[in-house]
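Visitor: Line by line, the protein sequences are chains A and B. Residue numbers for the first sequence follow this note's numbering, so the first one is 48 and each next one is one higher. Residue numbers for the second sequence follow this note's numbering, so the first one is -19 and each next one is one higher.
Be aware that one or more of the hints could be misleading.
[As the list claims (entries may be wrong)] Covered stretches of chain B (in silico footprint by chain A; criterion: 3 or more residues with CB under 8 Å from a CB of chain A, positions within the stretch not fixed): (1) 72 to 78; (2) 86 to 98; (3) 101 to 114; (4) 145 to 155.
Calculated directly from the structure, the hints in this document are not laboratory data. For every residue, glycine included, the Cβ atom is placed at its ideal position computed from N, Cα and C.
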Amino acid sequence: MSVGVLTLGILALAGAGFVLGRKRALSSVSGDPRNLHSLPGYHGQSVALFTAIPALLVMLIWLLLQPLFLEQRIATLLTPADIPDGSSQALVMSDVHRVAAGLDALAAKDGLSEQDIDLLRADLSDIRSRLAGVGVAVGDAIKPGVLTAAKAYRLQSATGRLVMGALALLLAVTGFGWSMRRITPEFRARNVFERFVVALLIGASMVAVLTTLGILLSLVFETRHFFQLYPARDFFFSLTWNPQFRGGSDLGIIPLLWGTLYVSFIALLVAVPLGLMAAIYLAEYAGKKTRTLAKPLIEVLAGIPTIVYGLFALITVGPALRDWFAQPLGLGSSASSVMTAGLVMGVMLIPFVSSLSDDIINAVPQSMRDGSYGLGATKSETVKQVILPAALPGIVGAVLLAASRAIGETMIVVMGAGAAARLDLNPFEAMTTVTVKIVSQLTGDTEFASPETLVAFALGLTLFVLTLGLNVLALYVVRKYREQYE
Amino acid sequence: MNDMTLTEKPVNASDIKITARNVQVYYGTTHAIKDVDVDIPDRTVTAFIGPSGCGKSTFLRCLNRMNDTISICRVTGNIALDGQDIYDKRVDPVQLRAKVGMVFQKPNPFPKSIYDNVAYGPKIHGMTRSRAELDEVVEGCLRRAALWNEVKDRLHAPGTGLSGGQQQRLCIARAIATSPEVLLMDEPCSALDPIATAQVEELIDELRSQFSVVIVTHSMQQAARVSQRTAFFHLGNLVEYGETGHIFTNPSDPRTESYITGRIG
Ligand SMILES: Nc1ncnc2c1ncn2[C@@H]1O[C@H](COP(=O)(O)OP(=O)(O)O)[C@@H](O)[C@H]1O
Ligand SMILES: [Mg+2]
């Protein structure tokens, strides 16, 4: 029985449970819902939930765990003789999967019965060409061990499915019967449903939390692996970044961090004044019409994909800066430069700063403004002396959020600043950032166990810690500001 | 109303500070103030009373052009301060507000130190030449607002850390620091407890010796206690205006009478 049909069956049972549960609840009070603790609908829902949820949950977990479990069991069937030189167990296992899929296709297309399949012998018939006939390509001639493993795999997964189906159906029927039987006028189906809602909501939030935790753990784990192969002191303090794919590379993070911070600094230098002034204009000066028009327009900037900004940096801003500033000033002749990436990224960050600051300035109570105007202050005096000081912590929070966004940005830097790791003060020089190097260390055909690739995890973790720190700081500052006017 | 003390206080009615003639105020299409004529004397406390929403605050805000900060608000008619039309094009509303100070319903000290709150007005108007002079002004205003003794040891603590009554007196000190000629107060005691209210009322009575004070209040006892003249507003009209004692004991309009005896409001 396929998973889809099974699921449909269980859902149908749950639907029936809803109708019957409602009916039973009503008939238990001879049709007068006022004598029920909970409305009939809640009774129906409780039956439906207890029918469907446990069964579907078991199915889900079973489907997730069965392949892992089978993989292990089948792998023990393979003898060392089945694994050719220069191959690995993982490669052979993927052959096993392919052959198993091919056998399924044979059974479906050629109408081979299970006995026929069981009788297939690798050393007697040419299974490879028969599999090719049903559209499954296998590299070499199939070894007997592989065929045996594939047959075992098919059989065991079929058995697994069968057991799963039976278990799920059993659970659904039991849940149905049990929850039907407990319907009485006093039964608090309403509270049961409430607890279900809570569990559902907790489950949903756990998905995000657990994912974060999982990503963090895998980063930490791989970073430890990296530090076993490459000294941590060199990683953190070496001034050169020079990966060699034959080994013996220098993997110092400092030039990358320098590039990251330099580009982010220039970006903030652009975004903070422009964003802040835009926010002040929108919040304090603009009329209602201008505001409803201009605010979304500025926020559109945040919706432009960063690759588009990257193109813009590569094709327009970079060459323009080189021809108009860098070359006349004798500061270099590179179109990719920290300045290019910084300027373009700054424009990208304007809406982050302006939108948050605008909200924060709007949250400053009107009574502050009235107080200041009432003393004969002009608008700009009021903004400078009353509103900005009152909004400052929140604005700092907005800037920190923009900074963490700048630090994590990749595309604009690849296309605007280049890929050369360099420690230099000249902003018209090409430099690169942590994010760009993570990408370049992982692209290419390299073994995934060398320090040159594993360094990506260490870089990623460093970046994660940096942006997490900034975010925590920003949240702390913003929250502190909120308390001020409670 | 038996506890009301209606002492007759002398009023020099010839000394008119503000004259308003034929004032209309519109919020968009809502006609909030209709045909108001009023003469506000100098060195006197004038109270505006009336039910909620009758336009007391709106009219008060006309007197220092605070309504200019509300975009949909439109004021017509003539309001003159010392004979000079304040809605004249040559009048800078910002300068006007230094001459006509305002204290609001809810204490609204700036998130700055007590000292900087009071020094705010003098600083933006360049009224002092030296730091020492500014110190003097701040001390003087805090003394006149009866707050000096309570805050002299913590002038540089934030103004928001004071109690509600102290905050309101700080706002009064802040308003008188620009040496205004008129002080407008919009329900200055409605957010205060009875003791703080009594302190502020006492202060208002003292301020009368230097300024013309206009106070909006919803408490008729308060109007009776602090004011010499009372104006009763109803649905945007100025119904009755005269000596406080007269309005409370012998109102000539039936609407005034029903309001002060508690039948409308
Ligand atoms: N900012 C505003 N925008 C639109 N209408 C307003 C505004 N302020 C006051 N009003 C209207 O003007 C009328 C008078 O209000 P207000 O002067 O605040 O009354 P009071 O201070 O006597 O309670 C009310 O009907 C109120 O709804
Ligand atoms: Mg009011």
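Visitor: Next, verify each hint and record whether it holds.
Guide: Tested hints:
Counting residues of the segment 72 to 78 of chain B whose CB falls under 8 Å from any CB of chain A gives 5; the rule of at least 3 is met. Check result for the segment 86 to 98 of chain B against chain A: holds, 6 residues qualifying (beta carbon to beta carbon below 8 Å, three or more required). Coverage of the segment 101 to 114 of chain B by chain A holds in this model, with 3 residues showing a Cβ closer than 8 Å to a Cβ of that chain against a need of three. Coverage of the segment 145 to 155 of chain B by chain A holds [criterion: at least 3 residues with CB-CB distance below 8 Å; count 3].
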